[in-house]
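Enquirer: For the record, the sequence lines run as chains Y and U. So this note's numbering is basically just the index in the first sequence, starting at one, shifted up by 92. So this note's numbering is basically just the index in the second sequence, starting at one, shifted up by 126.
Since the hints were made in silico from the structure, they are not lab data. Everything numeric in this text was worked out from a predicted model, so none of it was measured. Keep in mind that the hints are not guaranteed to be accurate.
[Claimed, not checked] A short list of chain Y residues far from chain U (calculated; beta carbon distances all over 12 Å):
1) Ile94
2) Ser104
3) Leu173
4) Asp214
5) Leu307
6) Glu330
7) Leu367
[Said to hold, decoys possible] In silico lysine to any residue, SDA-like type, Cα no more than 20 Å apart, as pairs:
8) Y:Lys175 with U:Asp582
9) Y:Lys425 with Y:Gly318
10) Y:Lys175 with U:Arg145
11) U:Lys261 with U:Arg325
12) Y:Lys175 with U:Glu620
13) Y:Lys216 with U:Glu563
14) U:Lys454 with U:Val478
15) Y:Lys295 with Y:Arg270
16) Y:Lys175 with U:Thr585
17) Y:Lys175 with U:Leu581
18) Y:Lys130 with U:Lys454
19) Y:Lys216 with U:Gln594
20) Y:Lys175 with U:Ser274
21) U:Lys261 with U:Ser274
[What the hints assert, rightly or not] Pair by pair, the computed Cβ-Cβ distance ranges are:
22) U:Pro616 with Y:Met93: 44 to 54 Å
23) Y:Ile334 with U:Val196: 34 to 44 Å
24) U:Asp170 with Y:Lys216: 29 to 39 Å
25) U:Leu417 with Y:Gly108: 16 to 26 Å
26) U:Glu237 with Y:Pro219: 35 to 45 Å
27) U:Glu237 with Y:Ser221: 51 to 61 Å
28) Y:Arg117 with U:Val196: 52 to 62 Å
29) Y:Ile159 with U:Thr509: 28 to 38 Å
30) U:Glu237 with Y:Gly108: 29 to 39 Å
31) U:Arg141 with Y:Pro219: 34 to 44 Å
Glycine included, each C-beta is placed from N, C-alpha and C at the ideal position.
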Amino acid sequence: MIEFTLDGRPASAQEGELLVHAAARNGVFVPTLCHDDKLEPYGGCRMCVVGVEGSPRPLPACATRVIEGMVVSTNSNVPQLQKTLTEMLLSEHLNADPGGRPNELVDLARELGAEAPLILPDAKREPYSDRNRLMGYEPDTCILCNRCVRYTQEVMQCSALSLEGRGPEARIVPTWERSWLDTECELCGGCLSVCPTGAIYEKFLEGAGVEERQLEQTKTTCTFCGVGCQIDLNVDPETKRIVKVTSKPEYVSNEGDLCVKGRFSFNFVHHPDRLTEPLVRGEDGALHPASWEEALRAAADGLKGVIRRHSAQAIGVLASARLTNEENYLIQKLARIGLGTNSVHSCEAT
Amino acid sequence: MDVLRLATVLETMPRERTRLLDNLGRLRREVGPITPELSDALADHMRLRHGDVHEVTSFYSFLQVPVDAVRVCTGPVCDSRGARDRLDGHAIEVPCLGHCDLAPVVLHGDEVVGGVTYSTNGFLLEPDDLRVPPKLSSDDVVERLRGSGLTGMGGAGFPTWRKWDAVLREPGPRVVIVNADEGEPGTIKDRYVMELRPRLLLEGAVIAARVVEATELYIYLREEYATARARLEAALDDYRKAGLLAGLATSLVIGAGAYICGEETAMLESMEGRRGMPRLRPPFPAQSGYLGRPTLINNVETLAHVALILRGDWQPARLWSVSGAVGKPGCYEASLDVTLRELIDGYAGGLVGEPAAIVPGGAASGILPPAALDVPLTREALTEWGCGVGSAAVQVFPKEYSPLRLLAETMRFFAEESCQKCTPCRIGNRALHHVCEELEHGRAAMSRGQVEEWLDAMTLTSICGLGQAAPYPVRNAFERWPELFAPLGPAPVEEPASA
Chain Y
93 MIEFTLDGRP ASAQEGELLV HAAARNGVFV PTLCHDDKLE PYGGCRMCVV
143 GVEGSPRPLP ACATRVIEGM VVSTNSNVPQ LQKTLTEMLL SEHLNADPGG
193 RPNELVDLAR ELGAEAPLIL PDAKREPYSD RNRLMGYEPD TCILCNRCVR
243 YTQEVMQCSA LSLEGRGPEA RIVPTWERSW LDTECELCGG CLSVCPTGAI
293 YEKFLEGAGV EERQLEQTKT TCTFCGVGCQ IDLNVDPETK RIVKVTSKPE
343 YVSNEGDLCV KGRFSFNFVH HPDRLTEPLV RGEDGALHPA SWEEALRAAA
393 DGLKGVIRRH SAQAIGVLAS ARLTNEENYL IQKLARIGLG TNSVHSCEAT
Chain U
127 MDVLRLATVL ETMPRERTRL LDNLGRLRRE VGPITPELSD ALADHMRLRH
177 GDVHEVTSFY SFLQVPVDAV RVCTGPVCDS RGARDRLDGH AIEVPCLGHC
227 DLAPVVLHGD EVVGGVTYST NGFLLEPDDL RVPPKLSSDD VVERLRGSGL
277 TGMGGAGFPT WRKWDAVLRE PGPRVVIVNA DEGEPGTIKD RYVMELRPRL
327 LLEGAVIAAR VVEATELYIY LREEYATARA RLEAALDDYR KAGLLAGLAT
377 SLVIGAGAYI CGEETAMLES MEGRRGMPRL RPPFPAQSGY LGRPTLINNV
427 ETLAHVALIL RGDWQPARLW SVSGAVGKPG CYEASLDVTL RELIDGYAGG
477 LVGEPAAIVP GGAASGILPP AALDVPLTRE ALTEWGCGVG SAAVQVFPKE
527 YSPLRLLAET MRFFAEESCQ KCTPCRIGNR ALHHVCEELE HGRAAMSRGQ
577 VEEWLDAMTL TSICGLGQAA PYPVRNAFER WPELFAPLGP APVEEPASA
């Protein structure tokens, strides 16, 4: 541990810890917009500047590491600078809520009492529309913090978004303004999850009027594969329907990252055709609801019949890609010992 | 697009990311303006992401423009001399082409329309002979630079010996970069050095490389300086033939139109094949520069002075670029404490008409009123006027060109050249440009108090010198010509500084 001074009080930090984290652990909240713990320090939005003794200018807490004896101040002129920087961002923030996502800039402005003193004449950016059904992008909500682009480059290692141009025309766009479907993008929605203003948003929530703060979150495990990503189902308390899926950086197996299925494929939960109980085909050729016991017995009888008529080698077992390691182990056990066949496979292997 | 041509050219292109800008420049010259398809083809060849090449291509002004395009400079000096009348449907508008002594300037492809003439004196007129640099120990050279009092001529004015000493203290391998990305409006001195004394510059660069025991030497040259490029290449050839570059890998890196790449860390990013956006400091380039190696970056003129100092025939002096409403615009060697009047009357052919405003050292150095004509152009004396000596680019604006117009054009320049990384520079400069434009119509886009707050935030929180220094000319104008800003309301009452 190293010792430093924060707003006149003694404070401690880990060796090499970023000032923004050390301040938070010592009870001082420093606002950030472009910072993301998953990404290399960027220091672009400047919202987190703090006074550091010996430095002629305030330093970004998101990119400055605490050193022994550092004297840090978040009062004096820091609140005014935060307010001014917020005003600046607001002066080209033409659309605060394109898709019902939280907007950290608006929250910050409310907290700091900041309002745009003017709207820049060149604030309006060229609109962007994309034929994919999942992710939308409203350039007029973007504050060029570059988190989404850095996420695609540093975390996903893909080419989906670019910070294009220089000067007033600079903007963030899918690479060469193509549809995301025509870039390397896999629609994982990671860029959307790191966007602080909601400029990138779930298209299906556009105009749905779902306010983030009213949603109830239930933590669960994604069922799409064996990785076991931890997800939060965001449920509308009135309709009791899942509205969207999110995840958190502190979740162990996936650190908040998701794939297109985990983030966007939850419609099946409320689908009218979804099977919610076992069905067994009767003599009449139609499917009839049954208990699990009846259903499993019917399956077992059928398999036994095949073995009797054609031998166990006539049976092949194909395991679902959605199963975990442990479940796959049980499947091969069932195949080899229970059914007596070595023909067992998982579709994950292909 | 000529696909066969593309395939042939691509095949010869190196795959290291550090060669991306070079490859893009060659593709533009040999195949055509960079289109999304060309960009993707190069990305595939270099095994880079399509987006990485898109980001870099779009960052520069010229990569998507044909090589034979007509470029009209609308920097403040050219603008004050009617440059905008030269804009027609085909010409593209660019900020400062570095030929301010010939304003208004138009480039057709690489050629300056009307040809180039020089108006100069001193060492720039001496024969550019190739001399073998003296064999001196590193300590000796650093000591002699220290004794000379030489400071960097690029704008920041940092003592040269201290920079060299700092790089020497870091473990090798080390790199030397010549900053030849002259772009500060009004500044033409480095072009004069490279076109008239390229061997003298290389002498200084080779000395620098020897002193810091560098294994690589780069010259980062702005794309618009085609003549300087040709003369540097010829001089490099001479040096190579004379065996003076043995053990020193030397290359010219050609920019693609971005003022910010003259900023040291933006230049490093640009050379490493990324957008030219300044890095956070620390670490400084002397500690961790090009590819993380200790890197010495010196301005062209500084290195010419280094060579002269070690030749033993140097008097403290610098090159002053003088342009605008004067009889003989040009680049003149004069003492470090020369006054504007001495410079203009003694060298630049006297004032033409009545001056309204004088910029002493480039866009970010501030704006002086005619009352300052007899002030020595030293850092100390100019500080009292709220200005800096910058890159010593004196620009004289006649009374027909209002200081408000000058300020608006200056802020437009900063806004268009901002790399967009940090909020205060990205938005502040655009807002100030708008405020000036509105004032010309007697309207107030913001109150004076708000403008002052925004200027403070720009000075204090911008990442690099562009955003930090952009407020200077605004503050100068507030003080010198308060009547122009009356619509903004009264200046806020100064509060006593709190601890």
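Enquirer: For the pair we were handed, Lys425 (chain Y) and Gly318 (chain Y), check the Cα-Cα distance against 20 Å.
Expert: Holds. Lys425 (chain Y) to Gly318 (chain Y) sits at ~18 Å (cutoff 20 Å).
Enquirer: Could one say that the CB atoms of Ile159 (chain Y) and Thr509 (chain U) fall in the range 28 to 38 Å?
Expert: holds, 32 Å
Enquirer: Is 35 to 45 Å a correct range for the gap between the Cβ atoms of Glu237 (chain U) and Pro219 (chain Y)?
Expert: holds, 40 Å
Enquirer: Hint says 29 to 39 Å; check whether the CB-CB distance for Glu237 (chain U) and Gly108 (chain Y) agrees.
Expert: Cβ of Glu237 (chain U) to Cβ of Gly108 (chain Y): about 54 Å, so the range 29 to 39 Å is violated.
Enquirer: Need the status of pair Lys175 (chain Y), Arg145 (chain U): alpha-carbon distance at most 20 Å?
Expert: violated, 42 Å
Enquirer: If we take the beta carbon of Glu330 (chain Y), is the closest beta carbon in chain U still more than 12 Å away?
Expert: holds, 39 Å
Enquirer: Assess, step by step, whether the Cα of Lys130 (chain Y) is no farther than 20 Å from the Cα of Lys454 (chain U), and give holds or violated.
Expert: Given pair Lys130 (chain Y), Lys454 (chain U) is violated - Cα atoms ~58 Å apart, limit 20 Å.
Enquirer: Test the statement that Asp214 (chain Y) is away from the interface with chain U: the closest C-beta pair must be farther apart than 12 Å.
Expert: violated, 6 Å
Enquirer: Is the hinted range of 44 to 54 Å satisfied by the C-beta distance from Pro616 (chain U) to Met93 (chain Y)?
Expert: Holds - the Cβ-Cβ distance for Pro616 (chain U) and Met93 (chain Y), about 51 Å, lies within 44 to 54 Å.
Enquirer: Report holds if the minimum CB distance from Leu307 (chain Y) to chain U is greater than 12 Å, and violated otherwise.
Expert: holds, 30 Å
Enquirer: Assess, step by step, whether the Cα of Lys175 (chain Y) is no farther than 20 Å from the Cα of Glu620 (chain U), and give holds or violated.
Expert: Answer holds: Lys175 (chain Y) to Glu620 (chain U) is near 19 Å, not above 20 Å.
Enquirer: Holds or violated: are the alpha carbons of Lys175 (chain Y) and Leu581 (chain U) at most 20 Å from each other?
Expert: Between Lys175 (chain Y) and Leu581 (chain U) the Cα gap is close to 13 Å, so the pair holds against 20 Å.
Of the numbered hints given earlier, the model fails hints 3, 4, 10, 18, 19, 20, 23, 27 and 30; all others are met.
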